[in-house]
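J.: Same order as they appear, the protein sequences are chains Y and G. 1 is the number of the first residue of the first sequence in this note's numbering; add one for each residue after it. 1001 is the number of the first residue of the second sequence in this note's numbering; add one for each residue after it.
Take the hints with a grain of salt, since some may be wrong.
Unchecked claim - For the chain G half of the interface with chain Y, some residues (derived, Cβ under 7 Å), not all of them:
1. Arg1003
2. Leu1013
3. Arg1203
4. Leu1204
5. Leu1235
6. Ala1238
7. Ser1239
Said to hold, decoys possible - Think about it this way: if two alpha-carbon atoms lie no more than 30 Å apart in a straight line, the pair counts; the simulated BS3-like pairs of lysine-lysine are:
8. G:Lys1373 with Y:Lys230
9. G:Lys1231 with Y:Lys274
10. Y:Lys274 with Y:Lys20
11. Y:Lys20 with Y:Lys230
12. Y:Lys20 with Y:Lys106
13. Y:Lys106 with Y:Lys79
Hint data in this document are derived by calculation from the structure and do not stem from the laboratory. Glycine included, each C-beta is placed from N, C-alpha and C at the ideal position.
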Amino acid sequence: MSRLPPWIRFLRSSSLTLLKGDGNLRNRIAIAVPAIELSVGAAVFATVRELAVQRSVLPLGIPSGTDALSHVSFFGSGKYEDAVLLDVRDGVPRLRYSGGEVRLEKYGDVVRPLPSSFEPRTSRRALSDEITAAWRTVERFEANAGRIHARVSATPVLVIGSFDGLQADLEVLQGVFPLPKSFCDASSSVDAWFRHPVLVAGPQTEIRSWFPDVSPSLVVAVGAAAWNSKLRRQFWNAPHLLLLDRRSPTSLEIASDLESSVQEMSSLDLERPKGVEAVRFCETSFSSSDFDNEDFEL
Amino acid sequence: MRRSHIESLYRILESSSVEVTSIEWPELRSLTRSLNRAYRQSREAGATSDLESLLTRTRAAHRLLTRAASAQASDRDSLEVLALEFQLHLESGRDSHIGQTLEGIIHSLVALANEPHPVAPLLEGIISRYGTDVATGGAEVAVVVDRQDAQLTVDWLNEVELSAQVVTPSELRRSGPLEGVILLGPPGRYFVSQWADFAAAERLGGWMIASPPARSVHVMLWDGQREFRLKPCQLFSASLPIPATIVEAPQAEPPDEPIVWTWFEPSPSRTTFDTSAWSSDSQTVDAIAVRLTNDDVAFFSNDVGAQPRRVEVDGDEVEFETTSSASLTPGTILIFNSQRAAESLRADANQEMERRFGGSASTMTRSYQQELKDAVARAESQATLIHELGKLVNDRTYARGLINRVQDEEFIAPQRPGAYPALRDVLGLDPDDGSRYELLRALRVEHQRAGQRLSRIQRDSMIRDTSWQIALQEAGCVTLEADDGSGSFELRIVIERENEIRQVGRSRLGRLIALRELSPRQGQQ
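Construct the entire structure; sequences and hints are all you get.
T.: As structure tokens, this is what we get:
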């Protein structure tokens, strides 16, 4: 990582600061960069990579018996599928899925209960060889690659912004990072929750009733519209990274709004590349602009 | 933008520096002061329209001297002509009460006409340090100008055979990496407008210093301009200081009053206009309406909120880029000065509220607060509470809010950023308590629905009765009313006209009132 350009190192460190946190889930970091291009991709890749490293040594919890007969998402044999949890005996979940019944002795921690209002999906998702290869390459996860992918996907990175923009970033960052696009494996649908490490949604994405029951590891809001979106507010109790284009006039609106609504804002205690501004704060109350996006004409 | 561009951008930022050049130009400073004084005196003591017109033209000449890169022979001639006209005006005996000031202006104009322009050699010195980019073939240095000054600057560069790009701030924003950028004035001056005072403009344009697409930024300062400072260029005051190196300190003298530096410039063709409003109230003009050729009226305002990316111009959709300015041509621009109208509106509005609803705005505000608090106390559940609150929000509430907005109380007006915290305060909710968000949101939505309803009424009214357009043309002032029996409000606007094409940044774009619904082509002038 030491050979990475300073601005990518800074974005990475900022994301990690939020991921590691101090126990306060309302920590926020706002970064204004000279050009928004590539910064989203760099931040997202760095975050997923860090999550992968963390999850490789920290398995998720195994569902308890009280979740019996509820719907779950699970990963096994290289595929994601939704199933019904029949029971959990000796820490081993037993599921009924499209192929019959199965006891997941090794993959119990990647069985995730679906929120009650989450419609179980009939489709399955097989990890492509390309994605598996990327996960094996990046951190040498070898045989564990799929399982770690599933652990990260359980609490994914949610990007509020442009899917195409992120994909373009990741393509361009090929060469800086190993296989960034395949590794991030982003989906443009929030309904693919539990199955992708990165989910990208536009600011106007329809609010799902199950949002309060899922937890992203990090919310990356790209620009003013994303920051002011209802979608972002659904994930109030997750760390948020705000990426702003320093040259965009709307960045000033957001900055002014934050400065008037946030009680305490401090500079980010990281080595900062020239041309980049960054502050951290705790979002303890709603800012006024949060409520001004349902406008009427006058 | 390619990866190589981004990488070079960060690379040049690593070694970027800011070089400030202060230009001694006592004659210009003298003219600036005399002009400021003349404007002030003409406002306070009155002046003939001929003098106002003369001052306007002098202001335009002053602007050209400070913002264009050179003073050409024709400019000097025009300065001499202006001096002569001032002299004739003085000799005619009119406006003698400000004669001394006018003599000062004449003296400065004559001096400026006979002085070499001091900026040109300095600019030549800077530009000649740079060469041509081998890869692109373009100049390595760019001069940042306002759009209307671009051609003049290009002409001058051609004349002196120097190679530099001439770009507007919007073009610079999208530019690839450069070796040098020349700013003619502090960055904030490019962004000062009715919507952004100088402090806001400094932050808005601060990227030209904080994250410029160039290794060196040259800031040229004239006598009397505001000093250049690094700190206000930051987006966040809490972030670490911009690590820029200032090569030369700016002048320490205090700046002149910024009257003649403001963004607006009255049109010389406008003669029936109360000139005093232009300069002194320039900070209070808070909306512009542009009449398009198809009779649509686009309103531009500084209200926060969603901004349309597209508007219709001549039947075609025009898309506004996120960062560029929009050119709406041709059309008549109407300046909507609500704050100036607010004084007269306050009394009328309260009187109207008293008549229609039996209480002044402040009385009703207090009673509404109490009703809300009672509803909160009575409610058995959140759902009940939301229902109860919804019932309380009606057109009457909105009408009151609208008036409060004009009165700048910022209590309940749905469109104001302060409305939500105000609602929260009324309900006595803990600002740190996010759990009542749904409640507040429901109340907010009800307010907005009431607002939308009345907005529709207003628009319908404008469509039904187009006399406002004629009144606008004739008198420059119109009162709009809307009343459907259940609730009403009155909006009086004072509108001034200007027959010039303006560049209006998208960030200032407010709401388009689509008068295309006029049928068939009602209100055609």
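J.: If a hint holds in the structure, say so; if it does not, say that too.
T.: Status of the hints after comparison with the structure:
Taken as an interface hint, arginine 1003 of chain G checks out: its beta carbon lies about 5 Å from the nearest beta carbon of chain Y, inside 7 Å. Hint status for leucine 1013 of chain G relative to chain Y: holds, with the closest Cβ pair at about 4 Å, below 7 Å. For the restraint placing arginine 1203 of chain G at the interface with chain Y, the shortest Cβ-Cβ distance is roughly 6 Å, inside the 7 Å limit, so the hint holds. For leucine 1204 of chain G, the interface hint holds, the least distance from its beta-carbon to any beta-carbon of chain Y being 5 Å, beneath 7 Å.
Evaluation of the leucine 1235 of chain G hint against chain Y yields a held restraint, the C-beta minimum of about 5 Å falling below 7 Å. Restraint check, alanine 1238 of chain G versus chain Y: the minimum CB separation of about 4 Å is within 7 Å; hint holds. For serine 1239 of chain G, the shortest C-beta to C-beta distance to chain Y is roughly 4 Å, which falls under 7 Å, so the interface hint holds. For the given pair, lysine 1373 of chain G sits about 27 Å from lysine 230 of chain Y by alpha-carbon distance, which is consistent with the 30 Å threshold.
For the hint pairing lysine 1231 of chain G with lysine 274 of chain Y, the CA-to-CA distance comes to about 15 Å; that is within 30 Å, so the pair holds. For the hint pairing lysine 274 of chain Y with lysine 20 of chain Y, the CA-to-CA distance comes to about 25 Å; that is within 30 Å, so the pair holds. Pair hint lysine 20 of chain Y plus lysine 230 of chain Y holds up; C-alpha atoms about 25 Å apart against a cutoff of 30 Å. In summary, the hint linking lysine 20 of chain Y to lysine 106 of chain Y is supported, as the alpha carbons are separated by about 28 Å, within the 30 Å threshold.
The hinted pair formed by lysine 106 of chain Y and lysine 79 of chain Y meets the criterion: a straight-line CA distance of about 14 Å does not exceed 30 Å.
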